[in-house]
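Protein chains: 2
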Amino acid sequence: MADKFLRAEIIAVGSELLDLGRVESNSIFLSQRLKSVGARVKRKWVVGDSPQEIETALKTALAASSDVIIFSGGLGPTTDDITRESVAQALGRPLQLDPAIIDDLKRRAAAFGLKLTDNNRRQAMVPKQAEVLDNPNGSAPGLYLQQDGALIFLLPGPPRELKPMTEDQVLDRIRRLKPAPQAVSRCLRLVGLAESQVDHQVEGIYKSYPEVETTILSSLGIIDLHFLWTGPDEPSRARQALDELVARVGEKLGSRVYSERDRELEEVVGEILRERGKMLATAESCTGGWISKRLTDVAGSSDYYLGGVVAYTNQLKVDLLGVNETTLERFGAVSPQTAEQMARGVRERTGADIGLAVTGIAGPGGGSAEKPVGLVHLGLSMNDDTQSRRLQVPGERRFVRLRTVRAALDWVRRSLL
Amino acid sequence: MADKFLRAEIIAVGSELLDLGRVESNSIFLSQRLKSVGARVKRKWVVGDSPQEIETALKTALAASSDVIIFSGGLGPTTDDITRESVAQALGRPLQLDPAIIDDLKRRAAAFGLKLTDNNRRQAMVPKQAEVLDNPNGSAPGLYLQQDGALIFLLPGPPRELKPMTEDQVLDRIRRLKPAPQAVSRCLRLVGLAESQVDHQVEGIYKSYPEVETTILSSLGIIDLHFLWTGPDEPSRARQALDELVARVGEKLGSRVYSERDRELEEVVGEILRERGKMLATAESCTGGWISKRLTDVAGSSDYYLGGVVAYTNQLKVDLLGVNETTLERFGAVSPQTAEQMARGVRERTGADIGLAVTGIAGPGGGSAEKPVGLVHLGLSMNDDTQSRRLQVPGERRFVRLRTVRAALDWVRRSLL
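Residue numbers (the working numbering), protein chains in the order written: chain H, 17 to 433; chain L, 17 to 433.
Okay, chain H solo, but in the shape it has when bound:
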């Protein structure tokens, strides 16, 4: 199948991205946004602050007939910011001082009571036949130039500068100069099934759509099904086929699917709670506040979330949640009985409609033959009905906790459907 999309490459510049454990994340944003103008990223580079490395990357990207080449980083005022100079040199374009940039930099410096240094002046150098991209969020202007049919953009590294510059000054230029079919894609996200189970259930469906590229990705309990139309450029046909495919797969997987976009579970749970007019409270032991943290990541979560208790010790389970001491002695802190009493206790003491509780053994210590690491009991109390569920989660502490958080949030979601 021919790839009708534009070919894009991203070249991130910065020794700190190679050496110091920094994750390069601008390219994730750029890849997603480039899809909206029909460009697909085919190669990503991370190179140090070295003219040679920058030149090799640029020339290799040009040799691959890339339509769009985006540099990020290395436009700042310090001497190791060399993207501008290196690109100009690689393309044989002399740098010229742009008086408008100097004026702007002077204004910025004056606002801080500073004078312009020689280093600052470097930011005002513009390669021949390049356009300046304004940067309202920082001192480093971006640059745009064309070479051998490729559109080349030099963007500043800080995400809060790069993102608006991309939205306002990059995408539209690509759209105008290299019109391409916008990628038509869909996503289904679900929780609570293994990747192989999902694939087994739906491969019969997606394989009957040969013009759709299907990718199944799994990460710690969350499964994403990505569907990308790769057939001929007929947006209406693409949308129709994807709608049909998504509907069929969605029907097969039922309530396990929690979103038709890549949304976080806590957003979906919050939306349902708000719709139903229900207030939630939480009682956490092994997850230690993570469920609560996730719920309150969402702005406006006070509309449906009251708060709760982190009862990391048995004593707090008794004192703050009213768990029975005899229950703890007879069944232990990690038991269905304790989970149910925690859920009921937090619901009653906070006046919530729904009480959600978690108690388990996150590890690495604390496990036994009878109650191994990864054993978790969830409790859910609503409408005077309190239930519990048992999970056995594989993996290390962080994964046990994260999967438990997801399973707990998803239980609230499904109980409200």
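By construction, these hints were calculated from the structure, which means they are not laboratory data.
Fair warning: there could be bad hints in the mix.
Repeated chains share a single entry, so a pair holds when one copy, or any two copies, can fit it.
[Stated by the list, open to error] No farther apart than 30 Å at their CA atoms in a straight line, the calculated lysine-lysine pairs in the DSS-like style are these:
{"hint": "1", "residue 1": "Lys-122", "residue 2": "Lys-144"}
{"hint": "2", "residue 1": "Lys-131", "residue 2": "Lys-51"}
{"hint": "3", "residue 1": "Lys-223", "residue 2": "Lys-294"}
{"hint": "4", "residue 1": "Lys-131", "residue 2": "Lys-75"}
{"hint": "5", "residue 1": "Lys-144", "residue 2": "Lys-268"}
{"hint": "6", "residue 1": "Lys-294", "residue 2": "Lys-75"}
{"hint": "7", "residue 1": "Lys-75", "residue 2": "Lys-122"}
{"hint": "8", "residue 1": "Lys-179", "residue 2": "Lys-194"}
{"hint": "9", "residue 1": "Lys-194", "residue 2": "Lys-20"}
{"hint": "10", "residue 1": "Lys-223", "residue 2": "Lys-122"}
{"hint": "11", "residue 1": "Lys-20", "residue 2": "Lys-75"}
{"hint": "12", "residue 1": "Lys-51", "residue 2": "Lys-75"}
{"hint": "13", "residue 1": "Lys-131", "residue 2": "Lys-223"}
{"hint": "14", "residue 1": "Lys-387", "residue 2": "Lys-179"}
{"hint": "15", "residue 1": "Lys-268", "residue 2": "Lys-122"}
{"hint": "16", "residue 1": "Lys-179", "residue 2": "Lys-122"}
{"hint": "17", "residue 1": "Lys-268", "residue 2": "Lys-131"}
{"hint": "18", "residue 1": "Lys-194", "residue 2": "Lys-131"}
{"hint": "19", "residue 1": "Lys-75", "residue 2": "Lys-179"}
Since the structure of chain H is already known, use the hints to place chain L on it.
Okay, now just chain L, sitting in the frame of chain H:
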């Protein structure tokens, strides 16, 4: 200054790393571990499942006289896993079936009641003159080969397979075949100062060590000072210089420095609490359980952390923490008075030695001219003494919350010094 280190490149293979918003994180681990054998990563690539892209990356890496080239991903059983074939072809080495791998794959399949498929067999193909790297954690064996003086490793993509294979089978081969000076480096990590403040205070010191490369990195309230010895290969002299530099910088910055390694604040706080034999409890409003989550990220945190209350509403501040209703009416939920009563309340109700409280406006809504978004009051109650501190944190909701979590944890740390 000459770079005496080995040159390494990392080539991550997988279309999902280009297209689907997945972060490539193996290279972060690899970069750190390669330093221990004197290799520094000079370029990172992410390429799709395309023989051409893989060949270009490999040949460009060889042309740059790389000493170590590490591929990650694309060794699985499915038809889009093509790293093995593409590397073999690029180097002109025919693939041969390895009967030992077939036997191993058969055993694995049988354990699941399955038979070997033709796709599985692809994992048993080994390029001529390559060595097989056992994979105790998955079905895809790794591969090792030499070409033009470079050591080339093909590693599986899943981190829980790649990491042990690196530790057990990659690093030692590099150490034996390409002995190099181990990078001597140090790190100081601190919280609560701006990057420019730190640089201003210490540049006079680090600039007097021209053989040390100093990098200052800042991320949401945490500042890392990295010092790397780049002088001649004399480990004892390197260590002496770095010890001296770190001591001088540490003295200048005082108690703001919380670690001489890249450790998380909650680990350091936990260590100090354990040493002092103190038990902590938390009362959180705007951070919604994040402080508690961070504290319990650390295994064994029940030694010094009891739990606490997430009081997202005023009513819960009254009911679960004993905050005075009159205080809430007169001063509001975001006030020093409320923060102090929350801290005292959680300490008294849990029997903890230390009560830590947070109340603030995380945004984007809820701010006013008098109490803007980002206004936070912290409360700390210990030894019958209760205090509060005011923060004004810039940025969006997530950053307000994260910086608050860090400031709160750091206050506990400094109050125990």
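So, going through the hints one by one against the coordinates:
1. Taking the closest pair of Cα atoms, Lys-122 and Lys-144 come within 30 Å of each other only inside a single copy of the chain (23 Å); across copies the shortest separation is 63 Å, beyond that limit.
2. Taking the shortest alpha-carbon separations for Lys-131 and Lys-51, neither the intra-copy value of 42 Å nor the inter-copy value of 40 Å comes in at or below 30 Å.
3. In the homo-oligomer, the alpha carbons of Lys-223 and Lys-294 never lie at most 30 Å apart, since the shortest distance is 41 Å inside one protomer and 60 Å across protomers.
4. Taking the shortest alpha-carbon separations for Lys-131 and Lys-75, neither the intra-copy value of 37 Å nor the inter-copy value of 48 Å comes in at or below 30 Å.
5. Taking identical chains as interchangeable, the C-alpha atoms of Lys-144 and Lys-268 are never at most 30 Å apart, the minima being 58 Å within one chain and 46 Å between chains.
6. In this assembly of identical chains, Lys-294 and Lys-75 lie within 30 Å of each other by CA distance neither inside one copy nor across copies; the values are 58 Å within and 60 Å between.
7. For the identical chains of this complex, Lys-75 and Lys-122 are neighbours neither inside a copy (35 Å) nor across copies (46 Å), given an alpha-carbon limit of 30 Å.
8. In the homo-oligomer, the alpha carbons of Lys-179 and Lys-194 lie at most 30 Å apart inside one protomer (21 Å), although the nearest pairing across protomers, at 42 Å, exceeds that limit.
9. Proximity of Lys-194 and Lys-20 under a CA criterion of 30 Å is satisfied intra-copy only: 12 Å inside one chain copy versus 45 Å between copies.
10. In this homomeric assembly, Lys-223 and Lys-122 come within 30 Å of each other (Cα to Cα) only across copies, at 28 Å, whereas the closest approach inside a single copy is 60 Å.
11. Within a single copy, Lys-20 and Lys-75 get their C-alpha atoms as close as 23 Å, and across copies as close as 27 Å, so both meet the 30 Å cut-off.
12. Proximity of Lys-51 to Lys-75 under the C-alpha cut-off of 30 Å is found in both arrangements, the shortest distances being 23 Å within a copy and 29 Å between copies.
13. Taking CA atoms no more than 30 Å apart as the test, Lys-131 paired with Lys-223 passes between copies only; the shortest distance there is 23 Å, against 64 Å inside one copy.
14. Only between protomers do Lys-387 and Lys-179 lie at most 30 Å apart by alpha-carbon distance; the minimum there is 29 Å, versus 48 Å within a single protomer.
15. In this assembly of identical chains, the alpha carbons of Lys-268 and Lys-122 never lie at most 30 Å apart, being 62 Å within a copy and 33 Å across copies at closest.
16. Only within a single protomer do Lys-179 and Lys-122 lie at most 30 Å apart by alpha-carbon distance; the minimum there is 24 Å, versus 50 Å between protomers.
17. Taking CA atoms no more than 30 Å apart as the test, Lys-268 paired with Lys-131 passes between copies only; the shortest distance there is 28 Å, against 66 Å inside one copy.
18. Taking CA atoms no more than 30 Å apart as the test, Lys-194 paired with Lys-131 passes in neither setting, with 42 Å inside one copy and 50 Å between copies.
19. Taking the closest pair of Cα atoms, Lys-75 and Lys-179 come within 30 Å of each other only inside a single copy of the chain (25 Å); across copies the shortest separation is 33 Å, beyond that limit.
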